[in-house]
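Undergrad: Protein chains in written order, with our numbering: chain A, 544 to 1269; chain B, 3 to 157.
Each hint should be verified, as a subset may be incorrect.
Here are some chain B residues the structure puts well away from chain A; computed CB gaps all over 10 Å [what the hints assert, rightly or not]:
hint, residue
1, THR23
2, GLY37
3, LYS39
4, GLN57
5, VAL59
6, GLN73
7, SER82
8, GLN100
9, TYR103
10, PRO120
11, GLU125
12, ARG143
13, LYS145
14, HIS149
Per the computed footprint, the stretches of chain B lying under chain A, defined by three or more beta-carbons under 8 Å from a beta-carbon of chain A, are [said to hold, decoys possible]:
hint, region
15, 8-16
16, 24-36
17, 109-119
18, 131-141
Because the hints were derived from the structure by calculation, they are not lab data.
Each residue gets a CB set at the ideal place from its N, CA and C atoms; glycine is no exception.
Residue-level listing of the chains:
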Amino acid sequence: MSNHTTTRREFIKTASAAGAFLAVGLSGAGKILAMSPFSLLGNEAEGEIELNTFILITADNQITLFNPRPEMGQGTFQSMPALIAEELEVSLSQVTVRITDGQPKYGWQQWVGGSNSVQGSWMPLRKVGAAAKEMLIQAAAKRWKAAAADCYAENAKVLHRPSGRSLTYGELVADASTLDVPKEPKLKDPKDFKIIGKSLPRPEIPSKVNGAAIFGIDVSVPGMLYATVQHCPLIHGKLVSFNEAEVRQMPGVKHVFKVLRPMPHKSVEGVAVVADTFWQALKARQALQIEWDNTGYETISTEDYFAQARKKAAEMDGPSYDDAVGDFKAACKTAKKTVEAVYQTPFAAHAPIEPMNATALVQGDKVEIWVPTQSPLGVKDDVSKHLGIPKENVQVHVIFMGGSFGRKSYHDFAVEAVLIAKQAGAPVKLIWTREDDMVNGPFRPGMINALKGGFDAQGKPIAWEHKITGASLNGQMEKLDLNGKVDAWAAETVDQNTSPYAIPNRRQAFIWQPTDIPVLWWRSVYASTNAFAQESFVDEMAHAAKKDPLDFRLELLKAQPRWINVLEILAEKTDYRRQRAAGKSIGIAIAHSFNTTAAWAVTVSKNAGGGVRIEKAVSVIDCGMVVNPDTVAAQTEGNAIMAMSAALKPGITFTAGEAQETNYHQYPLPSIGETPPIEVHIVPSQEAPGGIGEPGLPPFAPALFNAVFLATGKRVRTLPVDLGSV
Amino acid sequence: MAKYTLTINEKPYTVEAAPDTPLLWVIRDLAGLTGTKYGCGIALCGACTVHLNGQPVRSCMMPVSSVRASQKITTVEGLSEDNSHALQQAWIEEQVPQCGYCQSGMLMSAAALLRAKPSPTDEDIDSALAANLCRCGTYPRVKRAIHRAAENMKK
Ligand code: FES
Ligand code: FES
């Protein structure tokens, strides 16, 4: 095998020679700084002084800020530096942003998920900036033999108020870096924010309109080979034999071998084909003849799964979450009227347009991996575990994700790439085809939600039960037995904290329906399925009580100012109470997830030839303090469209152990023409920031189908459904 | 394996590939222009859209052997490298991309549309971009940006 040692510097050179440049300067003033994505790591540029882990400053005042949060479309290259820059008193147009690489010194923040970036980094990164500013001020005061209280920072300079003297951060950084880092620096009053709260442009956007941005799939390493893997079409089938010798002879093919796809609950074997080019690898893969042993897995079917879950939901009470109030059963007995409904939501694929891929190099007990990941820390953990090497031996290059939605935090593909590279003894880029991505999952689990409500003689709701029935993500990943137990996570948006409908006798329960189908968090996780059921059912209750659905909610939420405020703004923005023409209707829904309250009002109208179409969707979102309103709007628009996808387009189905949907023809996504006008209103707030990557999704589908009910009289309880046929 | 000479973004490239190699992989892996993306491989998602003599084509389904040296291939890098194209400008102004992965294809479809129809209606956009999928949901901004670029091109 040839020697594949690639030092970082060589690699940067190679990458730039190939024209693989990424523009990551902050372009507030339209300036784009060119920088290779692979120089985003480490402290390599000359003369950079580390003021603290997240800030580098050179003597000539070049400022670099580190973003610990991988970018998948949610704008962390803007939001994270904004937090530091605000307190550091530098403008975003004068800094360069680099991504961190999973080194321990950058800490726990190096992951994205759970709509956590701004929520989680809000205080830590502001403190980073504020601490650095205090150090620079101290250094200046010392130099001037002045009182620190007479000095202040502005625009990357420290100024001395009495004399008007100033020094740039570059002139101060050497001194400042020797000072102790203040533990509790003073943070700015939000009313003095100059950066936070403004719709400033995202620095990486220019690189995303000319092909310069490097995604995982674009990574190129000298001497790199390409790999593809044939997994068993029946999920979990065992590899028995394959025609290695024959395929090995095909053009460009270097290796054909068995490889493991490690999932948390189960590892399965596939056959890897490694070749000079990706097309050669794919062609050779088509020539594979593989014998699989599918015993035990031929029967997996989503139809059975749903039938079993429905049966359990009908027959069992299930264990209650510990937030039950009153006595639901007793209240049902006294109720004058009860309402029941069962809702079904399908398995869903994440289907980011960039499929899973990773490029790896293994040398002895050291691994270097270039990977589009939500979590470099997770990659280190998973690779070190599967190779039995220390975490510090795994060097991760965090590359842009071409979409993820939860998928790229499940590192089966990354470990698979490492195992292939190890056996091939060369750097290897593994690319899953779209089909590989779609049939192998993991998927959002299909769920059954069974609800029951009761009214007293005055028509007041007095009883409420929500039974969440289906697979448990934790249960599968941690191999737990959840019979008779609740999955704490699964109650997102329906527990008392996140769903504060004041009904005196109320219980939430979980009924476990395990499955062999690999399952994973999918944008907004259980909130996406729970809220559909809950908010459809609130509507059903309102209609049963002959109340307007908005008034019904306002009454039940009257002790909850935040919810009330969101609903009232929504009513105002949509002129909700206006009489609408026949065949036109407006449906609403609200849900609280990831510490943000979001509501949608969807207007539909009946088509002349049958079915309905969406005319408009309006959102009101209260996510506390906002770093970038334009990013909140973009994420909320995206959430509406992803919600449409899960509600209106086919889900993933399994028959006889095999996923039936293989590519976008069978798992179509909404198109531009199907997307209605979308309006997003952000509630002004001084509360701590909530998430924005996910909370816009859960209430969209119920708002839509609540409108469909008003327009057509048809209550949609099983998704997906085609709007043309309701 | 055979030798092919291709003209990509007005530069000649000579590559060696099997005749059935899709143009997509030739552009990405052999010419080293990675702006053109793989998303589905069967002409469903539009991520691989390039222009062949000005017409948008799905490069994932086009064998390299079917492309002649005289035909001009334009990729997103050929729109302009300095983001001076009206569509690129509008894309930045409207902050269209989220993850950005589908955007090369969006831009190439939009560029072909604007050439054919300098003032497209919403319906024109819907039909020209009907098979350009965006999982992040940037469609509302794509539409706004195309209208904005059309306006700017008239100025
Ligand atoms: S990759 Fe060619 S259309 Fe999807
Ligand atoms: S921007 Fe992510 S797929 Fe379109």
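Undergrad: If a hint holds in the structure, say so; if it does not, say that too.
TA: Evaluated hints:
1. Against the 10 Å criterion, THR23/B falls within the reach of chain A, whose nearest CB is about 5 Å from its own CB.
2. With a cut of 10 Å on Cβ distances, GLY37/B falls inside the contact zone with chain A, its closest approach being about 2 Å.
3. For LYS39/B, the requirement that its beta carbon stay farther than 10 Å from each beta carbon of chain A is not met, with the minimum near 7 Å.
4. With a closest Cβ-Cβ approach of about 19 Å to chain A, GLN57/B is found to remain outside the 10 Å limit, as its non-interface label requires.
5. At the 10 Å boundary, the C-beta of VAL59/B stays outside the reach of chain A, the nearest C-beta of that chain being 17 Å off.
6. Every Cβ of chain A is farther than 10 Å from the Cβ of GLN73/B; the closest lies at roughly 20 Å, confirming the non-interface assignment.
7. Remark: the non-interface label on SER82/B conflicts with the geometry, its nearest Cβ contact in chain A lying 7 Å away (cut-off 10 Å).
8. Remark: the non-interface label on GLN100/B conflicts with the geometry, its nearest Cβ contact in chain A lying 3 Å away (cut-off 10 Å).
9. Listed as a non-interface residue, TYR103/B fails to keep its Cβ farther than 10 Å from every Cβ of chain A; the least gap is roughly 3 Å.
10. No Cβ of chain A approaches the Cβ of PRO120/B within 10 Å, the least distance being about 19 Å, so the stated non-interface status holds.
11. GLU125/B, annotated as away from the interface, has a beta carbon of chain A within 10 Å; the closest lies near 8 Å.
12. Interface exclusion of ARG143/B from chain A breaks down, the closest Cβ pair being 7 Å apart, not more than 10 Å.
13. The claim that LYS145/B lies off the interface is violated: its Cβ sits roughly 7 Å from the closest Cβ of chain A, which falls inside the 10 Å cut-off.
14. Against chain A, the non-interface label of HIS149/B holds: every CB pair exceeds 10 Å, the least being about 13 Å.
15. Beta-carbon proximity to chain A at under 8 Å applies to 0 residues in the region 8-16 of chain B; the threshold of 3 is not reached and the given coverage is violated.
16. Three residues within the 8 Å Cβ limit are the bar, and the region 24-36 of chain B against chain A gives 8, so the coverage statement holds.
17. Counting residues of the region 109-119 of chain B whose C-beta lies closer than 8 Å to any C-beta of chain A gives 1; at least three are required, and the coverage claim is violated.
18. As drawn, the region 131-141 of chain B meets chain A at 11 residues by the rule of a beta-carbon pair under 8 Å; at three or more, the given contact holds.
Going through the hint list in order, the structure does not satisfy hints 1, 2, 3, 7, 8, 9, 11, 12, 13, 15, 17.
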